Amino acid sequence: MDALMLDGNAVAGLLQQVFGGDLTTAIGTCGSCGASGPVGAMLLFQGAGGVLRCPHCHAALIKIVSDDTRVWIGFPGLRALQLAITA
Amino acid sequence: MSASAVPGRLTWRFADVVGVSPETPRVKTISFDVPGWPGHRAGQHVDVRLTADDGYQAQRSYSIGSAPDGARLELTVVRIDDGEVSPYLAGELRPGDQIELRGPVGGYFVWEPSDGGPLLLVAGGSGVVPLMAMIRLRAALGSDVDTRLLFSSRTWDDVIYRDELERLQGDGLSVVHTLTGAQPPGWTGYARRVDAAMLAEVGPGPAQRPRVYVCGPTPFVEAVASALVHVGHEPSLIKTERFGPTGG
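Quick note, the sequences are listed as chains A and B, same order. Sequential numbering of the first sequence, starting at 1, is according to the working numbering. Sequential numbering of the second sequence, starting at 1001, is according to the working numbering.
Just chain A, same shape as in the assembly (with noise of 0.2 Å):
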């Protein structure tokens, strides 16, 4: 265990800034194991940017990086991100 480990629930405003809604309550699925879960359970790494990685299989799921103007965000694992549609 990384004592610099966080979770998704860390970066709930940043998600929230670029995606118009909260994103720690979509669901997440693991490209590698297959397991679902919220985004919010997910396990941040912060590095120079962040990584969130699966609780099960620590495959890393969703890439952050941001400077003062603008993020990156990439999905390298993420298999599917189920959202609720509100009216």
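Treat the hints with care, as some may be off.
Said to hold, decoys possible - Chain A residues, not near chain B, derived (Cβ > 10 Å throughout):
#, residue
1, Gly8
2, Ala12
3, Cys57
To be verified - Simulated DEER-style distance windows between Cβ atoms:
#, chain 1, residue 1, chain 2, residue 2, range
4, A, Ser32, B, Gly1096, 21 to 29 Å
5, B, Gly1055, A, Gly34, 43 to 51 Å
6, B, Leu1050, A, Val65, 21 to 29 Å
7, B, Gly1172, A, Gln46, 34 to 42 Å
8, B, Gly1189, A, Asp67, 44 to 52 Å
It is worth saying that the hints were derived from the structure and are not from the lab. As the structure is a prediction and not an experimental result, all values here were calculated from the model. Think of the CB as a built atom: it goes at the ideal place given N, C-alpha and C, for glycine as much as any other residue.
Position chain B against the provided structure of chain A, taking the given hints into account.
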């Protein structure tokens, strides 16, 4: 999704400090009035942004400790002496000051009264803050949902919200402390880190299928989450929120 907290694109808002009160020697609660605040749900947090004179910005997340209450919200902040943000929030802010914040954010680590119970809340240090929002909301609604708070602190003087928790006990709420550092003379409560045996004694047990919320520093959350699974709680009913040493 609560109608009072429809998420949308986040905007930074100015928040007026209306009160500052000490909780422990290192912890303060700051009350804000936030014009245009859309309301929040128990367990959500805000992002706080400080801007220095030269334009340098530092940003941190803080859980909201107060129950939903119009444009009013309270943050409880631990002062990390070498931190960038917390010494200012917990040391310098005075009523009449303004800071920038955005939110509420996070819909995952949230309890809605309609979710029901029983509830098992496990807090490490300032991890009690979002759980306190749930406890206060429950009390404000006159709910008698079976709620157990297992609260780990270093010493009795480090227990955040200690007096209020004493007052709120009863009506289905029980508060159990464990003091992992030093204990006051005559202490008969727990004096060790949270473990599976303690969780089993505090209950509710897995058969009652409690909704479990765990918040604290990362090592605390990891240890408690595995102990909960060891005791037999269903992983899908356990929600966790971690904060790190960089939180200052």
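If you test the structure against every hint from before, which numbers come out violated? 1, 2, 4
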